[in-house]
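Sequential numbering of the sequence shown, starting at 105, is according to the numbering used here.
Keep in mind the hints are simulated off the structure, nothing from the lab.
Treat the hints with care, as some may be off.
[What the hints assert, rightly or not] Each computed BS3-like pair below joins lysine-lysine, with the alpha-carbon atoms no more than 30 angstroms apart:
(1) Lys230 - Lys253
(2) Lys283 - Lys331
(3) Lys253 - Lys331
(4) Lys283 - Lys230
As the structure is a computational prediction, the values presented were derived from the model and not from experiment.
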Amino acid sequence: MTPADDRAMAEEVTDDEFKAAENMPYRQLCVIVSYPASCTKFKMRYAVTVCGRHRSKWGMKQWNILKKVFEYGYCTRDLGLIYSAGLDEHGDNTLYAYADASHNPPRSQGCHVVMMNGAAISCESKRHTIMATSTCHDEMIQFSKGANKICGFRNLMQEGGMYQQAPSRIYQDNEANIKVLENRGSLSSKTRHIEMSVLSARNKVEDQLVKPVYKFTGRMAADFGTKGLPDEAVQICREVID
(Lines of atoms letter the chains of each structure in order from A and count residues from 1; the text may use other names and numbers.)
(Lines give C-alpha, C1' and ligand atoms only; values in the text may rest on other atoms or scores of the structure.)
Protein backbone atom coordinates (compact mmCIF):
# COMPACT_ATOMS: atom_id res chain seq x y z
CA MET A 1 0.00 0.00 0.00
CA THR A 2 1.49 3.32 -1.10
CA PRO A 3 1.19 6.63 0.81
CA ALA A 4 -1.41 7.74 -1.75
CA ASP A 5 -3.45 4.59 -1.08
CA ASP A 6 -3.10 5.26 2.64
CA ARG A 7 -4.63 8.73 2.23
CA ALA A 8 -7.45 7.38 0.06
CA MET A 9 -8.34 4.74 2.66
CA ALA A 10 -8.51 7.44 5.35
CA GLU A 11 -11.24 9.32 3.45
CA GLU A 12 -14.84 8.94 4.53
CA VAL A 13 -17.01 7.02 2.08
CA THR A 14 -20.15 8.88 1.04
CA ASP A 15 -23.54 7.24 0.57
CA ASP A 16 -23.35 7.79 -3.19
CA GLU A 17 -19.93 6.16 -3.39
CA PHE A 18 -21.14 3.18 -1.40
CA LYS A 19 -24.24 2.80 -3.57
CA ALA A 20 -22.07 2.71 -6.70
CA ALA A 21 -19.86 -0.07 -5.28
CA GLU A 22 -22.13 -2.01 -2.94
CA ASN A 23 -22.40 -4.93 -5.38
CA MET A 24 -18.66 -5.51 -5.31
CA PRO A 25 -17.67 -8.54 -3.14
CA TYR A 26 -15.55 -6.38 -0.84
CA ARG A 27 -16.12 -8.36 2.35
CA GLN A 28 -15.43 -11.66 0.64
CA LEU A 29 -12.14 -10.44 -0.83
CA CYS A 30 -11.11 -9.12 2.59
CA VAL A 31 -11.50 -12.64 3.97
CA ILE A 32 -9.48 -14.13 1.10
CA VAL A 33 -6.48 -11.83 1.57
CA SER A 34 -6.59 -12.11 5.37
CA TYR A 35 -5.32 -15.71 5.38
CA PRO A 36 -1.97 -15.18 3.59
CA ALA A 37 -1.45 -11.91 5.47
CA SER A 38 -1.73 -13.83 8.76
CA CYS A 39 0.43 -16.81 7.82
CA THR A 40 3.05 -16.05 5.17
CA LYS A 41 2.60 -12.64 3.52
CA PHE A 42 3.30 -10.43 6.51
CA LYS A 43 3.96 -7.43 4.24
CA MET A 44 0.23 -7.42 3.46
CA ARG A 45 -0.77 -7.22 7.13
CA TYR A 46 -1.08 -3.42 7.32
CA ALA A 47 -2.96 -3.18 4.03
CA VAL A 48 -5.43 -5.87 5.09
CA THR A 49 -5.94 -4.13 8.45
CA VAL A 50 -6.70 -0.80 6.77
CA CYS A 51 -8.96 -2.34 4.15
CA GLY A 52 -10.85 -4.18 6.88
CA ARG A 53 -11.95 -0.88 8.39
CA HIS A 54 -14.25 -0.37 5.38
CA ARG A 55 -16.01 -3.72 5.53
CA SER A 56 -19.32 -2.06 6.39
CA LYS A 57 -19.09 0.78 3.86
CA TRP A 58 -16.80 0.99 0.85
CA GLY A 59 -16.49 2.80 -2.45
CA MET A 60 -14.73 2.14 -5.75
CA LYS A 61 -11.50 3.66 -4.41
CA GLN A 62 -11.42 1.18 -1.55
CA TRP A 63 -12.38 -1.68 -3.86
CA ASN A 64 -9.56 -0.91 -6.31
CA ILE A 65 -7.00 -0.70 -3.50
CA LEU A 66 -8.17 -4.03 -2.08
CA LYS A 67 -7.86 -5.58 -5.54
CA LYS A 68 -4.29 -4.28 -5.71
CA VAL A 69 -3.53 -5.96 -2.37
CA PHE A 70 -4.90 -9.23 -3.76
CA GLU A 71 -2.82 -8.82 -6.94
CA TYR A 72 0.33 -8.29 -4.87
CA GLY A 73 -0.31 -11.50 -2.97
CA TYR A 74 -0.92 -13.44 -6.18
CA CYS A 75 2.06 -12.04 -8.09
CA THR A 76 4.45 -12.77 -5.19
CA ARG A 77 3.02 -16.22 -4.42
CA ASP A 78 6.40 -17.82 -5.17
CA LEU A 79 8.14 -15.60 -2.60
CA GLY A 80 7.85 -16.85 0.95
CA LEU A 81 9.56 -17.06 4.31
CA ILE A 82 12.95 -18.78 4.17
CA TYR A 83 14.54 -20.00 7.40
CA SER A 84 18.20 -20.99 7.31
CA ALA A 85 20.85 -22.30 9.68
CA GLY A 86 24.21 -20.61 10.00
CA LEU A 87 23.33 -17.49 7.99
CA ASP A 88 21.61 -15.29 10.56
CA GLU A 89 24.07 -12.88 12.21
CA HIS A 90 22.17 -13.26 15.51
CA GLY A 91 22.91 -16.98 15.65
CA ASP A 92 20.85 -20.14 15.24
CA ASN A 93 17.52 -20.35 17.10
CA THR A 94 18.02 -16.87 18.53
CA LEU A 95 14.98 -14.67 18.98
CA TYR A 96 14.99 -10.98 18.09
CA ALA A 97 12.38 -8.49 16.96
CA TYR A 98 11.63 -5.16 15.30
CA ALA A 99 9.07 -2.78 16.83
CA ASP A 100 7.88 0.48 15.30
CA ALA A 101 4.92 2.87 15.44
CA SER A 102 3.67 5.89 13.53
CA HIS A 103 2.37 8.88 15.47
CA ASN A 104 -1.10 9.53 14.04
CA PRO A 105 -3.54 11.03 16.57
CA PRO A 106 -5.95 10.06 17.93
CA ARG A 107 -4.88 6.42 17.49
CA SER A 108 -1.51 5.44 16.07
CA GLN A 109 -0.67 2.29 14.15
CA GLY A 110 2.00 -0.01 15.55
CA CYS A 111 3.78 -3.11 14.30
CA HIS A 112 6.22 -5.62 15.70
CA VAL A 113 7.90 -8.53 13.93
CA VAL A 114 9.52 -11.41 15.83
CA MET A 115 12.37 -13.05 13.93
CA MET A 116 14.43 -16.23 14.17
CA ASN A 117 16.86 -17.93 11.80
CA GLY A 118 16.63 -15.19 9.21
CA ALA A 119 12.87 -14.81 8.79
CA ALA A 120 9.76 -13.70 10.62
CA ILE A 121 7.89 -16.13 12.87
CA SER A 122 5.24 -13.67 14.07
CA CYS A 123 3.90 -10.30 12.98
CA GLU A 124 1.26 -7.96 14.37
CA SER A 125 0.03 -4.67 12.91
CA LYS A 126 -2.74 -2.99 14.87
CA ARG A 127 -4.05 0.41 15.84
CA HIS A 128 -3.20 1.34 19.41
CA THR A 129 -5.98 1.43 22.00
CA ILE A 130 -4.14 4.12 23.99
CA MET A 131 -3.96 7.71 22.77
CA ALA A 132 -0.29 8.67 22.79
CA THR A 133 0.95 12.25 23.09
CA SER A 134 4.29 11.85 21.33
CA THR A 135 6.31 9.62 19.05
CA CYS A 136 8.29 8.38 22.05
CA HIS A 137 5.05 7.34 23.77
CA ASP A 138 3.89 5.47 20.68
CA GLU A 139 7.22 3.71 20.29
CA MET A 140 7.16 2.65 23.94
CA ILE A 141 3.65 1.23 23.59
CA GLN A 142 4.79 -0.89 20.67
CA PHE A 143 8.01 -1.93 22.42
CA SER A 144 5.90 -3.16 25.34
CA LYS A 145 3.73 -5.22 22.97
CA GLY A 146 6.77 -6.64 21.24
CA ALA A 147 8.46 -7.45 24.56
CA ASN A 148 5.40 -9.39 25.72
CA LYS A 149 5.31 -11.33 22.48
CA ILE A 150 8.99 -12.22 22.46
CA CYS A 151 8.89 -13.26 26.14
CA GLY A 152 6.10 -15.65 25.23
CA PHE A 153 8.32 -17.21 22.58
CA ARG A 154 11.22 -17.38 25.04
CA ASN A 155 9.03 -19.38 27.42
CA LEU A 156 7.90 -21.66 24.60
CA MET A 157 11.46 -22.34 23.48
CA GLN A 158 12.56 -22.96 27.06
CA GLU A 159 9.98 -25.75 27.29
CA GLY A 160 11.56 -27.28 24.20
CA GLY A 161 15.07 -27.10 25.65
CA MET A 162 16.22 -24.16 23.49
CA TYR A 163 17.17 -21.68 26.19
CA GLN A 164 17.84 -18.07 25.24
CA GLN A 165 21.00 -17.27 27.16
CA ALA A 166 21.21 -13.57 26.26
CA PRO A 167 18.51 -10.87 26.27
CA SER A 168 16.47 -10.84 23.07
CA ARG A 169 17.13 -7.76 20.99
CA ILE A 170 14.20 -5.55 20.05
CA TYR A 171 15.22 -3.02 17.42
CA GLN A 172 13.81 0.51 17.66
CA ASP A 173 14.39 3.70 15.66
CA ASN A 174 13.62 6.14 18.50
CA GLU A 175 16.59 6.98 20.70
CA ALA A 176 14.50 8.85 23.30
CA ASN A 177 12.43 5.73 23.88
CA ILE A 178 15.57 3.62 24.35
CA LYS A 179 16.89 6.10 26.89
CA VAL A 180 13.67 5.88 28.93
CA LEU A 181 13.69 2.08 28.77
CA GLU A 182 17.27 1.72 29.95
CA ASN A 183 17.30 4.39 32.67
CA ARG A 184 14.93 4.33 35.63
CA GLY A 185 15.50 7.98 36.45
CA SER A 186 15.09 9.34 32.93
CA LEU A 187 11.38 10.23 33.10
CA SER A 188 10.86 13.92 32.43
CA SER A 189 7.78 16.11 32.65
CA LYS A 190 6.96 14.99 29.10
CA THR A 191 7.04 11.26 29.86
CA ARG A 192 5.74 10.93 33.43
CA HIS A 193 2.18 10.51 32.19
CA ILE A 194 2.98 7.24 30.37
CA GLU A 195 0.90 4.34 31.70
CA MET A 196 2.50 1.88 34.12
CA SER A 197 1.35 -1.01 31.93
CA VAL A 198 3.58 0.42 29.19
CA LEU A 199 6.47 1.35 31.48
CA SER A 200 6.49 -2.20 32.84
CA ALA A 201 8.56 -3.09 29.78
CA ARG A 202 11.49 -1.57 31.68
CA ASN A 203 11.22 -4.46 34.14
CA LYS A 204 11.86 -6.91 31.30
CA VAL A 205 14.89 -4.85 30.28
CA GLU A 206 16.26 -4.90 33.86
CA ASP A 207 15.57 -8.63 34.14
CA GLN A 208 17.76 -9.21 31.05
CA LEU A 209 14.89 -10.69 29.07
CA VAL A 210 14.89 -8.09 26.28
CA LYS A 211 17.24 -5.34 25.18
CA PRO A 212 16.30 -2.26 23.12
CA VAL A 213 18.75 -1.63 20.28
CA TYR A 214 18.76 1.34 17.94
CA LYS A 215 18.17 0.64 14.25
CA PHE A 216 18.30 3.31 11.56
CA THR A 217 14.81 4.15 10.28
CA GLY A 218 15.74 3.17 6.74
CA ARG A 219 16.42 -0.39 7.94
CA MET A 220 13.48 -0.65 10.33
CA ALA A 221 11.78 -3.81 9.10
CA ALA A 222 8.56 -3.18 11.07
CA ASP A 223 7.94 0.11 9.24
CA PHE A 224 5.77 -1.65 6.63
CA GLY A 225 3.14 -2.34 9.30
CA THR A 226 2.73 1.27 10.45
CA LYS A 227 1.86 3.20 7.26
CA GLY A 228 1.84 3.09 3.48
CA LEU A 229 5.35 3.00 2.01
CA PRO A 230 6.98 3.57 -1.40
CA ASP A 231 7.98 0.47 -3.34
CA GLU A 232 11.68 0.85 -2.46
CA ALA A 233 10.96 0.87 1.28
CA VAL A 234 8.69 -2.17 0.99
CA GLN A 235 11.48 -4.01 -0.84
CA ILE A 236 13.92 -3.28 1.99
CA CYS A 237 11.46 -4.59 4.61
CA ARG A 238 10.79 -7.70 2.55
CA GLU A 239 14.50 -8.49 2.24
CA VAL A 240 14.87 -8.30 6.04
CA ILE A 241 11.88 -10.35 7.20
CA ASP A 242 11.84 -12.96 4.42
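Notebook entry, point to check: For which of the previously enumerated hints does the structure constitute a violation, in increasing order of number?
Noted result: none
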